[in-house]
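K.L.:
Here is how the chains run, residue by residue.
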Amino acid sequence: MANEEQEINAEPTKTFFVDMLVRDIALEQAVLDLLDNSVDGAKRESEGSDDFTNKRIEIAFSSDQFVIWDNCGGFSRAVARDYAFRFGRAAGARSTPHSIGQFGVGMKRALFKFGKHFRVDSATTDEQWAVEVDVAAWEAEPGWTFPWAEPDTAKVATNKPGTNIIVGQLRPEVASRFGSQNFENTIVGLIKSKHRQFISAGLDVRVNGNRIDATDLSLSFSDQLKPGVDVFELTYNGAAPVKVKVIAGVGPSIPREAGWYVICNGRVVLEADRRNVTGWGLMEEQQNRLLIPAYHNQFARFRGVAWFDSDDSSQVPWNTTKDDIDQDSPAWQAAFEKMQQMMRPVIDFLNELDRDIDEYTREKSPLLDFVAKTPLRKSDTLSEKTVFAAPARDSVQKGPKYVKIQYSRPVDDVEVLQEELGVRSAKAVGEKSFDLTLSRFTDE
Amino acid sequence: MSSFRKINYSLRPAKHAERKMMGELFRRLAAFAPLEEYRYVGLGSVWFADFSLYHKSLGIADMVSIERATGSKARFEANRPFNIQMKFKPTTQALPELDWNKRSIVWLDYDGVLSVDVLLDARLVGSSCRSGSIIAISVNAGRADEVTAFEDDRNGPTALERFKVTFGRERVADKIADDDLLGKRFAKLSRSMILSEIEEAVARRNGQGGPKCFFNPIVSFSYKDDAPMTTIVGVLYDEPERENFERCHFGELDFLKDGNELVDIEVPKLTIKEIRYLETQLPLAAGHDLQIEGDIPQREANSFVKLYRYLPNFATLEV
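These protein sequence lines are chains X and W, in that order. To convert, take the position in the first sequence, counting from 1, and add 19; that gives our numbering. To convert, take the position in the second sequence, counting from 1, and add 326; that gives our numbering.
The hints are simulated quantities; they were obtained by calculation from the structure and are not laboratory data. Every residue, glycine too, gets a C-beta built ideally from N, C-alpha and C. Among these hints, one or two may not hold up.
[Claimed, not checked] Going by beta-carbon spacing under 8 Å, a handful of chain X positions derived as facing chain W:
#: 1; residue: Q200
#: 2; residue: N201
#: 3; residue: S272
#: 4; residue: P274
Only chain X is shown next, with the shape it has when bound in the complex (with noise of 0.2 Å):
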């Protein structure tokens, strides 16, 4: 009793730490983090060729139990002792060369996210070990350790190494969300764009059965329109370089796709982004001038593209959650510079662009015809330092001169026309009015 005097005990309870661990990441985040561990997996066995055909992930969930499987190697039972059951990462631990799951918590974060009773099987050429939890019981009993089970070869063995987890008895507002089609919907979107490079490199992703196909970020390439390419290497005391690939230009015209990606390690940690932290509404402090406008549909065709590769992912520029960039990475400012200088000429072209419309219309603008006819190019296949290409207004035929009307006319009278003329819409009636009456007036 001589203790209790003289020390207050500040030892967290489990509950307390298990639902402070759980409570700032987001469903869709934690499914993405046990993928991101089984990608490191495959990325291992890759020894950094990236090369991931006949590697598998498969994941399914349900309103019962969440699984997820893979071939991607395993990993020992020293690993799992040592690091990969260990709440952070502990000094000296073992790392994958250009791993995307750096920080040590994403596993047993997403597990307890998740649901109150867990089964990890994991099998290495050398040997098999399983952890079984029923969380519960273990937030009852004291210290921190995770009792071995006894291993099952059935999906994971030493002839078939990989992982194997399975979470149930699912917090009922988890439940809920695996069980619904919309849950199942995004978690489909967010790997086929955030995976995108691994997928495209050959890894087998299935949600629930599917396979899941890469989305390709395209850019207009042809000699008078190509995207501005530049290529660098960055080193910061000593720490493993960091690779940075920035490409800026024009693609097709979807507003949700327009904006900046960045791509740490292959995974993608920005997509589309339109705020000022990709330079987007961004002014120039001392004149108080825009540098480059805020997003507007107008620049529905910018694509970008940054992507940053290092031995040590401690160098990329993202932060814990892998869903945004670190803004006071050295790499992410001096990329930044880069990407703002890359940016401004393809706005310009743009704004061109958004002229050509205003005068010609959609349907006969001339620059906006050779923009939508020149063909398309993979972002991953552009690798040579090049500098943004556009044709200039004046340089792209032009037809006839073109001039918008706009009027307006009662709805029932409308209506007759569009019944008269056989038409669908009120555009159309006042297109074929308006060649009727002229051909009336020119076919003397």
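Knowing the structure of chain X, use the given hints to seat chain W on it.
P.N.:
Same frame as chain X, now just chain W:
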């Protein structure tokens, strides 16, 4: 343009059949509570055909009609057949204002195609309805608006791209393709997106604690009087009332007996004489086949057998 300006509702035989079938389905809610205690929420237009039918046949007295066409207010008031409460507002505003403590039959019979507003309404109703309520939603299912938008601007994004922009990636499954925005496939997509939205609402509701809720789809309809339409109907109930739900025995409704969840209402084109002849054999005794005389087309005869109890009788009346 609102459909009440285009279509005389009394001349829509397939819609009539759908209304009658829905009436039989509603009647089975008596396993939860007497129908007189229910409230009917609909979009009555100027015809109020559904309101008249369910008031007279089911005895529902508490009725709310939501009408967005505020310009013709006087006309709606003048045509209102019973003591129906009118809400002259868009559904997105009117629905949140309703008191949801009462068991309800909600039939949102829209004129237009699937839109974000339709889904927001579905979500609101799914998260608000009390256990023992019916949610029915009908939309025009000809083609998605985005297909027309693409045809008017072929230099722009594809119809599917536009559709994804409109509805967002959580609502549009990965496997959806351009042809899902047309015809029967669009009807199917519309139904599944509405269903997902209601299920999402129920899922969120279940995440809040309280007795576990379910949304159980009962039947879907598709028909075409003028524009192609499709309807999805289901019952929302919670765990303590599961037994009541089971006592409704929806599967025994004659239009659901063959286990087909989609009822395609095809109004048979038959003469009065042919109808009289077929009717003498109905209902078909178990194990008996329909006898067909003369040249009555088999297809028309079959759809008559399926729908005869629900079809309207037309006669012109000179006064």
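K.L.:
Next, verify each hint and record whether it holds.
P.N.:
Hint check results:
Because the beta carbon of Q200 (chain X) sits about 4 Å from the nearest beta carbon in chain W, less than 8 Å, this interface hint is met. The interface hint given for N201 (chain X) is met, as the beta carbon of that residue sits about 5 Å from the closest beta carbon of chain W, less than 8 Å. Taken as an interface hint, S272 (chain X) checks out: its beta carbon lies about 6 Å from the nearest beta carbon of chain W, inside 8 Å. For P274 (chain X), the interface hint holds, the least distance from its beta-carbon to any beta-carbon of chain W being 6 Å, beneath 8 Å.
Of the numbered hints given earlier, the model fails none.
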